[in-house]
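> Sequence:
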Amino acid sequence: MIEKVKSYIKKNNMLREGDTVVAGISGGADSVCLLFILIQLRKEISFRLSVVHINHRIRAEAGEDARFVEALCGKWNCDFYCIEEDVREYAAYHAMSEEEAGRAVRYGAFQTVLTKMGAPEGKIAVAHNQNDNAETVLFHLMRGCGLSGLAGIPPVREHIIRPLLCVSRPEIEAYLEKNGVPYCIDRTNNEDTYTRNKIRHHIVAYGEKEICEKAVSHIYDTSVIMKEMQDYIQVNTKKALERCMKYEKGDIIFQIPSFLKEHPLIQKQCILAAIEEAAGSKKDIAFVHVEGMRQLFFRKSNGQIDLPYKLTVYREYDRIRLTTRNEKEERKEIHPVLAPGETCWKGEMKLLASVFSYEKSQNIPEKTYTKWFDYDKIVKSLVVRTRQTGDYLEVYANGGRKSLKSYFIEEKIPRAKRDSMPLLADGNHIVWIIGRRISEHYKIDNQTKTVLQIQVTGGTSDGRENQDTVNGRRSK
2 MIEKVKSYIK
12 KNNMLREGDT
22 VVAGISGGAD
32 SVCLLFILIQ
42 LRKEISFRLS
52 VVHINHRIRA
62 EAGEDARFVE
72 ALCGKWNCDF
82 YCIEEDVREY
92 AAYHAMSEEE
102 AGRAVRYGAF
112 QTVLTKMGAP
122 EGKIAVAHNQ
132 NDNAETVLFH
142 LMRGCGLSGL
152 AGIPPVREHI
162 IRPLLCVSRP
172 EIEAYLEKNG
182 VPYCIDRTNN
192 EDTYTRNKIR
202 HHIVAYGEKE
212 ICEKAVSHIY
222 DTSVIMKEMQ
232 DYIQVNTKKA
242 LERCMKYEKG
252 DIIFQIPSFL
262 KEHPLIQKQC
272 ILAAIEEAAG
282 SKKDIAFVHV
292 EGMRQLFFRK
302 SNGQIDLPYK
312 LTVYREYDRI
322 RLTTRNEKEE
332 RKEIHPVLAP
342 GETCWKGEMK
352 LLASVFSYEK
362 SQNIPEKTYT
372 KWFDYDKIVK
382 SLVVRTRQTG
392 DYLEVYANGG
402 RKSLKSYFIE
412 EKIPRAKRDS
422 MPLLADGNHI
432 VWIIGRRISE
442 HYKIDNQTKT
452 VLQIQVTGGT
462 SDGRENQDTV
472 NGRRSK
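Read in order, the letters of the sequence shown are residues 2 to 477 in the working numbering.
If you're looking for bench data, these hints aren't it; they were derived computationally from the structure. Don't take each hint at face value.
Across the chosen pairs, the derived CB separations fall in these ranges [to be verified]:
#1 Y207 to E159: 28 to 38 Å
#2 S362 to I46: 28 to 38 Å
#3 K450 to E243: 40 to 50 Å
#4 E367 to M118: 12 to 22 Å
#5 P258 to Q363: 54 to 64 Å
#6 S302 to R437: 36 to 46 Å
#7 E229 to I3: 23 to 33 Å
#8 D80 to T196: 30 to 40 Å
Lysine to aspartate or glutamate pairs mimicking EDC-like chemistry, simulated, CA-CA at most 16 Å apart [claimed, not checked]:
#9 K444 to D375
#10 K239 to E349
#11 K215 to E172
#12 K378 to E441
#13 K7 to E18
#14 K403 to E441
#15 K311 to E277
#16 K418 to E249
#17 K262 to D319
#18 K117 to D80
#19 K247 to E317
#20 K240 to E263
#21 K311 to D252
#22 K269 to E243
#23 K368 to E122
#24 K361 to D375
#25 K117 to E360
#26 K406 to D392
#27 K199 to E100
#28 K406 to D420
#29 K403 to D392
#30 K7 to E172
#31 K11 to E45
As the structure is a prediction and not an experimental result, all values here were calculated from the model. Cβ coordinates follow ideal geometry from the N, Cα and C atoms, glycine included.
Between the sequences and the hints, there should be enough to build the whole structure, so can you do that?
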């Protein structure tokens with residue numbers, strides 16, 4: 002099996018000489034197998050490896066799992082970090098499910114450890130396998146999805162790598178048994194508390210037993226094909242949007258004659274992309290909404306339809322306008338920033354936050370989309386949002402302020418972009434105009450004790466892709 006995984010890692014360019022990698026290891030079969038294989042690979046590829054174990058404080062035996070993983074790391078000569086977080090309390094505080102909270106806690110912890118290791122842009126290795134992928138595809142399919150949902154779990158997403166995605170859970174367990182590698186058994190995996198467990202126990206198990214024993218493998222093969230199709234369609238959708246869509250005073254405008262020249266599939270993808278951009282999410286956007294908007298393009302008279310997220314679509318002669326209903330302030334979306342943790346904004350854009358002690362010997366990153374802030378100077382809970390009346394930032398070291406409106410005018414930022422630019426805010430004090438400058442007030446100085454690092458990936462701000470570059474290349 003290890004040769005299969007090695008080939009998969011090479012094919013997807015997951016590991017390189019000199020990489021810094023943190024591996025999320027729970028102690029279960031999948032994650033222990035991941036660690037065992039990474040230890041073997043380290044003999045062939047020189048990379049720095051550390052283990053992060055998260056104690057969610059949900060199971061009574063969680064402490065035993067942590068000790069087991071720590072012992073493995075000692076045996077295999079690997080650095081070990083244990084992060085404890087009450088996930089139930091975290092979920093309640095942030096009004097999210099335990100599954101969502103667990104994910105936010107995990108990836109926030111991974112990022113924090115990478116930063117402690119001096120490699121905030123290092124790689125995060127997680128142990129998703131073919132069975133996890135099958136469960137994800139079926140979950141998306143039953144709730145309703147497009148190509149992205151059917152594409153399943155990607156092998157690489159930004160700096161997250163999944164070396165075991167090419168193998169099944171039975172293959173993993175057989176490999177561990179063959180090599181005499183012990184692992185923990187999570188009793189919650191046998192419960193039907195979570196939706197994923199229900200799919201695993203009742204749908205996937207039935208499919209393998211009664212329909213095709215290679216069902217999981219076949220679903221994986223199909224998801225790979227779907228991902229290739231998705232990539233191809235995304236390229237053509239982007240080209241089509243450049244031909245038929247523009248922005249006007251914060252609204253999205255489609256030119257009807259240009260739009261109608263596109264293939265129906267591309268038309269629908271363009272509409273979905275526009276709705277997602279206007280809403281900041283595509284959750285709860287169904288086929289009926291996309292098709293309802295598309296039908297406006299074929300009308301012979303003007304008309305309108307309402308969509309979720311307080312969106313309205315108008316036909317205005319030879320144009321379609323996608324806008325927000327009622328007051329202008331209803332466009333404003335405000336998302337609390339999880340620190341540490343991961344915060345999503347406008348679909349693809351993500352803010353990865355980590356907190357750590359500051360040492361004066363550390364070099365402050367000079368990158369467009371990775372910034373350090375003095376954590377102790379933050380007065381209120383940080384949020385990511387668009388502009389509001391009264392926003393300002395400090396532009397001089399002596400505390401001199403400038404209104405955000407004045408800054409936008411002086412920087413010649415088009416009016417159509419100002420309402421959609423993402424801002425990191427502490428009340429009305431703008432901490433960071435993402436992709437541009439930060440406020441002087443929050444900069445690191447000789448009095449700084451604690452640093453908040455924010456790394457922005459995915460999406461766009463000010464018309465530019467949110468991705469730091471090094472010597473003209475994207476940084477990984």
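> Evaluate each hint against the coordinates.
Verification of the hints:
A hinted range of 28 to 38 Å holds for the C-beta pair Y207 and E159, which are about 35 Å apart. A hinted range of 28 to 38 Å for the beta carbons of S362 and I46 is consistent with their spacing of about 30 Å. Separated by about 47 Å at the C-beta atoms, K450 and E243 satisfy the suggested range of 40 to 50 Å. Separated by about 20 Å at the C-beta atoms, E367 and M118 satisfy the suggested range of 12 to 22 Å.
With their beta carbons about 56 Å apart, P258 and Q363 fall inside the hinted range of 54 to 64 Å. At roughly 43 Å, the beta-carbon separation of S302 and R437 lies within the given 36 to 46 Å, and the hint holds. The beta-carbon spacing between E229 and I3, approximately 26 Å, falls within the hinted interval of 23 to 33 Å. Checked against the hint of 30 to 40 Å, the pair D80 and T196 passes, with Cβ atoms roughly 35 Å apart.
The straight-line distance between the Cα atoms of K444 and D375 is roughly 6 Å, inside the 16 Å bound, and the hint therefore holds. Our distance criterion of 16 Å between C-alpha atoms is met by K239 and E349, whose separation comes to about 15 Å. With a C-alpha separation of about 12 Å, the suggested pair K215 and E172 falls inside the 16 Å cut-off, and the hint holds. Distance restraint check for K378 and E441: the Cα-Cα separation of roughly 11 Å lies within the 16 Å cut-off, and the hinted pair is therefore satisfied.
Distance hint between K7 and E18 is fulfilled; the C-alpha atoms sit about 14 Å from each other, no more than 16 Å. For the hint linking K403 to E441, the alpha-carbon distance of about 11 Å falls within 16 Å, and the restraint holds. Restraint check for K311 and E277: the C-alpha separation of about 13 Å stays at or below 16 Å, so the hint holds. Taking the CA atoms of K418 and E249, the gap is about 9 Å. The hint holds against a cut of 16 Å.
For the given pair, K262 sits about 14 Å from D319 by alpha-carbon distance, which is consistent with the 16 Å threshold. Between K117 and D80, the direct Cα distance comes to roughly 12 Å. Compliance with the 16 Å bound is thereby established for this hinted pair. Our distance criterion of 16 Å between C-alpha atoms is met by K247 and E317, whose separation comes to about 15 Å. Proposed proximity of K240 and E263 is supported: the alpha carbons are some 10 Å apart, at most 16 Å.
Note on K311 and D252: the hinted pairing holds, with a Cα-Cα distance of about 13 Å set against a maximum of 16 Å. In summary, the hint linking K269 to E243 is supported, as the alpha carbons are separated by about 15 Å, within the 16 Å threshold. Only pairs whose Cα atoms come within 16 Å are accepted, and K368 paired with E122 is accepted, the gap being roughly 12 Å. At most 16 Å may separate the alpha-carbon atoms for a hinted pair to count; K361 and D375 meet this at roughly 13 Å.
A distance of roughly 11 Å separates the Cα atoms of K117 and E360; the hinted pair therefore holds under the 16 Å criterion. The straight-line distance between the Cα atoms of K406 and D392 is roughly 8 Å, inside the 16 Å bound, and the hint therefore holds. For a cut-off of 16 Å, the pair hint linking K199 to E100 stands: about 14 Å separates their Cα positions. Among the hinted pairs, K406 with D420 is consistent with the structure: their alpha-carbon atoms are about 11 Å apart, no more than 16 Å.
For the hint pairing K403 with D392, the CA-to-CA distance comes to about 9 Å; that is within 16 Å, so the pair holds. With a CA separation close to 15 Å, the supplied pair K7 and E172 stays within the 16 Å bound. A threshold of 16 Å between alpha carbons decides the hint, and for K11 with E45 the separation of about 12 Å falls inside it, so the pair holds.
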